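Trainee: Between the sequences and the hints, there should be enough to build the whole structure, so can you do that?
This note's numbering numbers the first residue of the sequence shown as 8 and each following residue consecutively.
Heads up, a few of these hints could be off.
[Unchecked claim] Simulated restraints, written as ranges between beta carbons of each label pair:
(1) Cys252 to Arg191: 16 to 22 Å
(2) Gly221 to Ala309: 50 to 56 Å
(3) Gly347 to Lys20: 56 to 62 Å
(4) Gly358 to Ala309: 42 to 48 Å
These are computed hints drawn from the structure, not numbers from a lab.
A quick note: this is a predicted structure, and the numbers were derived from the prediction, not measured.
The beta-carbon is built from N, C-alpha and C at its ideal position, and this holds for glycine as well.
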Amino acid sequence: MPYYRQVGEIPRKRHTQFRQPDGSLYAEELMGIEGFSAESALLYHRGLPTAVVAAEAVTEHGRSTSPNLPLKPRHFRTGELGFTSDSVDAVTGRRLLFANEDVSVCFAVPDTTSPLYRNAVGDELCYVQTGSARVETVYGALEVAEGDYVVLPTSTTYRVTPHGDEPVRLYIVESTGHIAPPKRYLSAKGQFLEHAPYCERDLRGPTEPLLLEGSDVDVLVRHHHGVTRMTYAHHPFDVVGWDGCLYPWVFNIGDFEPITGRLHQPPPVHQTFEGPNFVVCSFCPRKVDYHPDAVPVPYNHANVDSDELMFYVGGDYEARKGSGIGIGSLSLHPSGCSHGPQPGAAEASLGAERFDETAVMIDTFRPLRMGEAATACEDPSYARSWTRS
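Mentor: The structure is reproduced here in structure tokens:
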């Protein structure tokens, strides 16, 4: 994260004696990345965070993938995904849509509280398509709702509890590294610059400790060799305070300020996050090109170095009318295929002043493979949609 936060009780100096009411020391824990050489946070636990009681490997299903063969543009309807279990949670109930060596993209529609979980492989980014939930973390709780991006740093222990009657639909990005705002929007010291489309005022973080108690507490841990269930002597949410620049945070897509111009602006102006070999962009309602001869919808283009995965979450996407694309759709336009607006869309867009559309785009720089969830909700006719009049 680009700025410092302090939550709860901490001693004046780091790595000094900090005692509990009974006189015993709080257990200091450093959460840091890049081997003590980058952002970190210091957390103070009532119990030892190292006290492991038991550990066992957990068999995981549904994570296999298949290549995009034959190579072609594809369309998937997430609204058609079935979740047949009596109850679904945001961790064990997520279904794999796509993956490559750098990132996995999942979908979940949870209706019950998840187990405690942490991803020790990389950061996670959750986008809330609909509904609301409470995300409890070792740093504190976050209330999230429709349009929120939730950034969960590597090895953050958390769980998700859905709220209310509206289904919570989560689009989940599992990275193999760290997810952050684009470097070009940050100063050398990490402050958002004046030309950035969002800034520190738009971000939300935990504001108080959870201070939960418990013993023999299970945590599911994703690591490079699979998933392990670790049982701890103390509840991991027993933190009385922390400070630093590494913590979970929330940014709502509605606070992204679109960058527009007289002529059509390319996708990098919509970039919101970057990860290892991928970027995430936010397409938001905006004023469109205002040159008198402008063509507002995108031109045909070939992503020669990347696969483009677009998740349509709101409004009316002008360039895709007639394609079958709707709210909850995912389109995959892979490297090796040109794509662009539907027939007639360019002419129909002339004179438009505003587009009312919201979408989350992931561009990956290695090919995406399809998971079982993508195969289960594919529209097989999509690749021929540009031939329709």
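Trainee: Now tell me, hint by hint, if it's right for this structure.
Mentor: Status of each hint after checking the structure:
The given range of 16 to 22 Å is respected by cysteine 252 and arginine 191, whose C-beta atoms sit roughly 19 Å from each other. A hinted range of 50 to 56 Å for the beta carbons of glycine 221 and alanine 309 is consistent with their spacing of about 54 Å. A C-beta distance of roughly 59 Å is found between glycine 347 and lysine 20, which places it inside the suggested range of 56 to 62 Å. Checking the proposed 42 to 48 Å range against glycine 358 and alanine 309 shows it is violated: the Cβ atoms sit about 28 Å from each other.
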